[in-house]
Amino acid sequence: MENFNLVESIRQSLNELFSGLFSSIDNNVYALLDNFVFINSKITKEPAIQKLLVDNPFDGILLICNSLVFGFMIYYAANFLFSHLIYSKSQRPTQFIFKSIIFIAFMNSSLWICAEIINIVSIVTELIKTLGKSSFGCDISFSNLITNINSSVYLADVGFSLFSFDGIIKSFTTFGLINLLFTYALRYIMLQVFVLISPFAFLCLIDTSSSWFFSSWLRSFVALLLVQVLVSIVLTLGFSLNLNSGTNLSKLLLIGIIYALLKSNHFVQEIIGGISTDVSNGIANLKQGGTL
Amino acid sequence: MKFIFPKNYNFRYKLLGFIDYTTAILDALIGCVLIFFLNIFISSIMTKIYIFIILFLPIFLFSIFGIGRENPISVFYYMFKFFKNKGIFLYNK
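Chains A and B, in that order, are what the protein sequence lines are. Residue 980 in this note's numbering sits at position 44 of the first sequence; the count goes up by one each step and never skips. Residue 25 in this note's numbering sits at position 5 of the second sequence; the count goes up by one each step and never skips.
If you are wondering where the hints come from, they were derived from the structure by calculation, not from laboratory data. It cannot be assumed that every hint is accurate.
No more than 27 Å apart at the CA atoms, straight line, and that leaves these computed lysine-lysine pairs for DSSO-like [claimed, not checked]: (1) A:LYS978 - A:LYS1069; (2) A:LYS1069 - A:LYS987; (3) A:LYS1065 - A:LYS978; (4) B:LYS68 - A:LYS1025; (5) B:LYS68 - A:LYS987; (6) A:LYS1065 - A:LYS987; (7) B:LYS104 - A:LYS987; (8) A:LYS1199 - A:LYS1025; (9) A:LYS1025 - B:LYS106; (10) A:LYS978 - A:LYS1199; (11) B:LYS101 - B:LYS34; (12) A:LYS1025 - A:LYS1035; (13) A:LYS987 - B:LYS34.
In silico negatives: residues of chain A with every beta carbon more than 12 Å from chain B [unchecked claim]: (14) CYS1001; (15) PHE1018; (16) LYS1025.
So the derived label-pair ranges between C-beta atoms look like this [as the list claims (entries may be wrong)]: (17) B:PHE102 - A:THR1144: 20 to 30 Å; (18) B:ILE24 - A:LEU1154: 37 to 47 Å; (19) A:ILE979 - B:SER64: 27 to 37 Å; (20) A:PRO983 - B:ASN59: 28 to 38 Å; (21) A:ILE1022 - B:SER64: 35 to 45 Å.
Glycine included, each C-beta is placed from N, C-alpha and C at the ideal position.
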């Protein structure tokens, strides 16, 4: 009898502990996740970017870029001279000057160009979310998704039980979404980095030998942005599931939705290319390090 | 290294796969000299950065891309040899 009481009290305390942990995560994390995933042009108004990419060409990153322009001009002049000495091919001076004028203008307004690219992707995302809202009658967001999950997992009469199928689904969902939070926090930072290096990318278009840098920058930048379009589609699909029915099938599909959200970054990378912001490998390595 | 067919290309190990060691050392040397002179003549850090980039970038680009895709040191060496002795010698068996 005493043994039974001990096991029951351990079970209850574990349930209470995890219930507290999950509700604390629910209350604090998911609103942040919405801000991290659905990025709009406000990202370009962050203080770090404003400080480093200010409009004054004699300060910040634009100073370095404008000095690089002069460096490129000297390089072109010397290269043009050598092309006459060693009979090698070089682009015509008029072509170089024309390209320089265009790409220097692009370089100096790179922040505006990046903000507009982000704006276009943000508008597409909002369009998908609005479509979802009109179809399923609720805002397409992580906060609402987690409310739906909780309503199906936390049953009013039973309460939360860690040692049940619902408990496993809830813990998987929570840890999956925390992993998602780390991944999208990294994506947010990487987008800021790409906005910061955008003047260099535009500058590299001046010379044909360095134009590859622009194409890799553009591919990575667009791939990072397009992740939010795929996430909004997956989330909309998530809201189409009737989680309140409480069937095991809908709960398993919910796990599928969480997996799709976790892998959306990887899918976009496979389709378009660019860099990976998946932190699950890093967490796995940390785990391995912990067991050693 | 033994070559079965006649060697008609340069075989040089490169630092990070894009710049050969002699050019990298020469670049580092030029960079150090530039920094030394900029430290003597200019006090503002921004002006130092500005002038250093303007002067060093063309040298660095030549080191990476070369002159007509040839190593700039070799090009200058052969140009110097040619200007010193303009006679062209043909190899005759």
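Hint by hint, here is what the structure shows:
This hinted pair checks out: A:LYS978 and A:LYS1069 have alpha carbons roughly 23 Å apart, not beyond 27 Å. Proposed proximity of A:LYS1069 and A:LYS987 is contradicted: the alpha carbons are some 38 Å apart, above 27 Å. Of the pairs offered as hints, the one joining A:LYS1065 and A:LYS978 holds, with about 19 Å between alpha carbons and a cut-off of 27 Å not exceeded. About 34 Å separates the Cα atoms of B:LYS68 and A:LYS1025, which puts this hinted pair outside 27 Å; it is violated.
Distance check on the hinted pair: B:LYS68 and A:LYS987 sit about 21 Å apart at the alpha-carbon level, within 27 Å; holds. Annotation: proposed proximity of A:LYS1065 to A:LYS987 is violated, straight-line Cα distance about 33 Å (limit 27 Å). With a C-alpha separation of about 54 Å, the suggested pairing of B:LYS104 with A:LYS987 is violated against the 27 Å cut-off. As the CA atoms of A:LYS1199 and A:LYS1025 are separated by approximately 47 Å, the hinted pair breaks the 27 Å bound.
For the hint linking A:LYS1025 to B:LYS106, the alpha-carbon distance of about 24 Å falls within 27 Å, and the restraint holds. Between A:LYS978 and A:LYS1199 the CA atoms are separated by roughly 26 Å; this keeps the pair inside 27 Å, and the hint holds. Restraint check for B:LYS101 and B:LYS34: satisfied, since their Cα atoms lie roughly 25 Å apart, inside the 27 Å limit. A threshold of 27 Å between alpha carbons decides the hint, and for A:LYS1025 with A:LYS1035 the separation of about 17 Å falls inside it, so the pair holds.
For the given pair, A:LYS987 sits about 38 Å from B:LYS34 by alpha-carbon distance, which is inconsistent with the 27 Å threshold. The Cβ of A:CYS1001 does not lie farther than 12 Å from every Cβ of chain B; its closest approach is about 9 Å, which violates its non-interface assignment. At the 12 Å boundary, the C-beta of A:PHE1018 falls inside the reach of chain B, the nearest C-beta of that chain being 5 Å off. The beta carbon of A:LYS1025 is not kept farther than 12 Å from every beta carbon of chain B, the shortest such distance being approximately 8 Å.
Under the hint 20 to 30 Å, the C-beta atoms of B:PHE102 and A:THR1144, about 28 Å apart, fit the expected range. About 44 Å separates the C-beta atoms of B:ILE24 and A:LEU1154, a value consistent with the hinted range of 37 to 47 Å. Between A:ILE979 and B:SER64 the CB atoms are about 32 Å apart, so this pair conforms to the stated range of 27 to 37 Å. At about 32 Å, the CB distance of A:PRO983 to B:ASN59 agrees with the hint of 28 to 38 Å.
About 39 Å separates the C-beta atoms of A:ILE1022 and B:SER64, a value consistent with the hinted range of 35 to 45 Å.
Violated hints for the displayed structure, listed by number in ascending order: 2, 4, 6, 7, 8, 13, 14, 15 and 16.
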